[in-house]
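Q: Spelled out, the chains give:
Protein chains: 2
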Amino acid sequence: MATVGNSTNIFWHECPVGKLDRQRLLNQKGCVVWITGLSGSGKSTLACSLGRELHSRGKLSYILDGDNLRHGLNKDLGFKAEDRTENIRRVGEVAKLFADAGLICIASLISPYRKDRDGCRAMLTDGNFIEVFMNMPLAVCEERDAKGLYKLARAGKIKGFTGIDDPYEPPLNCEIEIIQKDGVCPTPYEMAGQVTSYLEDKGYLRDE
Amino acid sequence: MATVGNSTNIFWHECPVGKLDRQRLLNQKGCVVWITGLSGSGKSTLACSLGRELHSRGKLSYILDGDNLRHGLNKDLGFKAEDRTENIRRVGEVAKLFADAGLICIASLISPYRKDRDGCRAMLTDGNFIEVFMNMPLAVCEERDAKGLYKLARAGKIKGFTGIDDPYEPPLNCEIEIIQKDGVCPTPYEMAGQVTSYLEDKGYLRDE
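First to last, the protein sequences are chains B and R.
Numbering-wise, UniProt numbering puts 100 at position 100 of the first sequence, and it's gapless, one number per residue.
Numbering-wise, UniProt numbering puts 176 at position 176 of the second sequence, and it's gapless, one number per residue.
Since the hints were derived computationally from the structure, they do not count as laboratory data.
Check each hint, because a few of them may be wrong.
Note that identical chains are pooled: a pair holds if it fits in a single copy or bridges any two copies.
For lysine to any residue, the following SDA-like pairs were computed, each having C-alpha atoms within a straight-line distance of at most 20 Å [unchecked claim]:
| # | residue 1 | residue 2 |
| --- | --- | --- |
| 1 | 19 | 72 |
| 2 | 19 | 194 |
| 3 | 75 | 89 |
| 4 | 181 | 71 |
| 5 | 115 | 184 |
| 6 | 75 | 85 |
| 7 | 19 | 68 |
| 8 | 19 | 202 |
| 9 | 115 | 72 |
| 10 | 202 | 126 |
| 11 | 75 | 160 |
| 12 | 151 | 136 |
| 13 | 181 | 170 |
| 14 | 75 | 115 |
| 15 | 80 | 161 |
| 16 | 115 | 177 |
| 17 | 75 | 168 |
| 18 | 75 | 86 |
| 19 | 202 | 121 |
From a predicted model like this one, the values you see are computed outputs, not experimental measurements.
Given only the sequences and the hints, what does the whole structure look like? Please build it.
A: This is the structure:
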C-alpha cells in the first residue's frame, strides 16, 4: 500500500500484457514527440504532417494538441502561470500513457517554460521524450498570425501572450530543431521528413 | 475562436488522419469498456483478462486503472466527493482520447456514482461507451478483501469507503453485467469471454 500525493490506499496493478507486447503488435516503439514553439511557429502543421507521414508508413500515432485538450481534459484550466503548468503536466501524463500504449504520441503545445517541458521529459523514465523546437523568429510567427492573436496581444487585448508580454524559454538540449534555411521556412513535408528520419534512425519505427 | 470553460482564444485543429483511418490500420473500432463495481468485485482481474484475450486476437487495447492513474495524472486528487468526481471526469476524457486513437480502452474504476459514470458516457457522442457492471455481493467482495481495505473501513480507519460508509449506485442500463451463477463467481477467462463476445457481436473487433 502506498500514499501518493493526496491519495492513500492505492495499489499498483501489474498486467501481463505490457508495452513490449503492444509494440510487437504495432511494429513500432512508443514514444512522445513533444513539439514546442511560439504561436504561429508551425507546431500544429508539423503535427498533422508528421501524423500523415507516419500513417502512410503504417505506424500508429496520435496527436495531443494543447488547444484541443482545453476543450476536454483541461477545460477547467485557464492561462495563468499555475494553470499553464498544470495544463502541461496533464498533457505530459497523458502522452506518457499513449507512449506506454505503444503509440507515437505527438504533443503540440507552446509549452513556453523550460521547467514544465523538463518535467514532462522526466516522466518518460526510459528517455523516450523527443523534444522538437520550432525555432522560428517571432517576426515570422507574428507576420503569419493565422489566428489574429498577435494583433490582439499587441493591442493589449490578450494579456500574458507568449513572445509578447510573456517569455518563451527555448530548449537547451532538444533532440530536433526546425529552422529556416536561407530565410525560407521548411515545408510541412520537409519538417515531417526531418522528424521521421530521426525516429527511423533511433529505431522507433520498428519493434526490435 | 471560442471560449471554453476558463480558456479563451482556443481553436480546434482538424487533422487529416482521423479515427476511421486509425481503425482501418488496427482493424478494430475504438471504444471505451468502462468497468464499475465495488472494491474486490474483480474489476482489475477482468481488465487484465480482457486485455490478454484481445491481445491474443491481435487487437490493441489499453487499461486505464483508477488506482494507477492516481500515481500520475490524478495524483493531485484525494477521495472527497469533488475529487472523486474530477478523478472520474479526467479518466473519462482520457478514455475518450484513447477510443479516438482507435484503441479498445478498458477503464477500471469503482466509479460509485451514477452521474459521474453517465457524464463519461455522455462524452462519447457516438455511443461507444460500454458499461460493465461487476454485480458481486458486498459480502463476497468483503470476504475476498485482497487489499485488506474492508477490514480497515469496518474498523473506521478508512472513511468514506464505498459499500461501507459511502454509497455505490448500481447502473440502471449497463451494456454488460457480470454476475455469480448458482453462487459461483465466473472465472477471469469467462468474464473476458462475455465482454469479448459483446465486442465481437457489436462489430468492434473489425474496422468495417
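Q: From the Cα coordinates, with 20 Å as the cut-off, is the pair residue 115 and residue 72 best called within, between, both, or neither?
A: between (24 Å within a copy, 18 Å between copies)
Q: Cα distance capped at 20 Å. Does residue 19 pair with residue 202 within a copy, between copies, both, or neither?
A: within (18 Å within a copy, 27 Å between copies)
Q: For residue 115 and residue 177, with the copy left unspecified, which applies at a CA distance of at most 20 Å: within, between, both, or neither?
A: This pair counts as within: shortest intra-copy Cα distance 18 Å, inter-copy 46 Å.
Q: Is it within, between, both, or neither for residue 75 and residue 89, if the alpha carbons may be no more than 20 Å apart?
A: Both ways: residue 75 and residue 89 sit 14 Å apart in one copy and 11 Å across, limit 20 Å.
Q: Between the shortest in-copy and the shortest cross-copy C-alpha distance, which are at most 20 Å for residue 181 and residue 170: within, between, both, or neither?
A: The answer is within: 19 Å in one copy meets 20 Å, while 62 Å across copies does not.
Q: Given identical chains, is residue 75 near residue 168, meaning Cα to Cα at most 20 Å, within a copy, between copies, both, or neither?
A: neither (23 Å within a copy, 28 Å between copies)
Q: Could you figure out if residue 202 and residue 126 sit no more than 20 Å apart (CA to CA) within one copy, between two copies, both or neither?
A: within (13 Å within a copy, 38 Å between copies)
Q: Measure nothing new, just compare the shortest in-copy and cross-copy C-alpha distances for residue 151 and residue 136 to 20 Å and report within, between, both or neither.
A: Result: close within a single copy only, 18 Å intra versus 60 Å inter.
Q: With identical chains, the pair residue 75 and residue 86 could be close in the same copy or across copies; at 20 Å between alpha carbons, which is it: within, between, both, or neither?
A: both (12 Å within a copy, 12 Å between copies)
Q: At most 20 Å between CA atoms: does that hold for residue 80 and residue 161 within a copy, between copies, both, or neither?
A: within (10 Å within a copy, 36 Å between copies)
Q: Should residue 75 paired with residue 85 be assigned to within, between, both, or neither, using CA atoms and 20 Å as the limit?
A: Classified as both; 14 Å inside a copy, 15 Å across copies.
Q: If the cut is 20 Å between Cα atoms, do residue 75 and residue 160 qualify within a copy, between copies, both or neither?
A: within (19 Å within a copy, 28 Å between copies)
Hint violations for this structure: numbers 2, 4, 5 and 17, all remaining hints satisfied.
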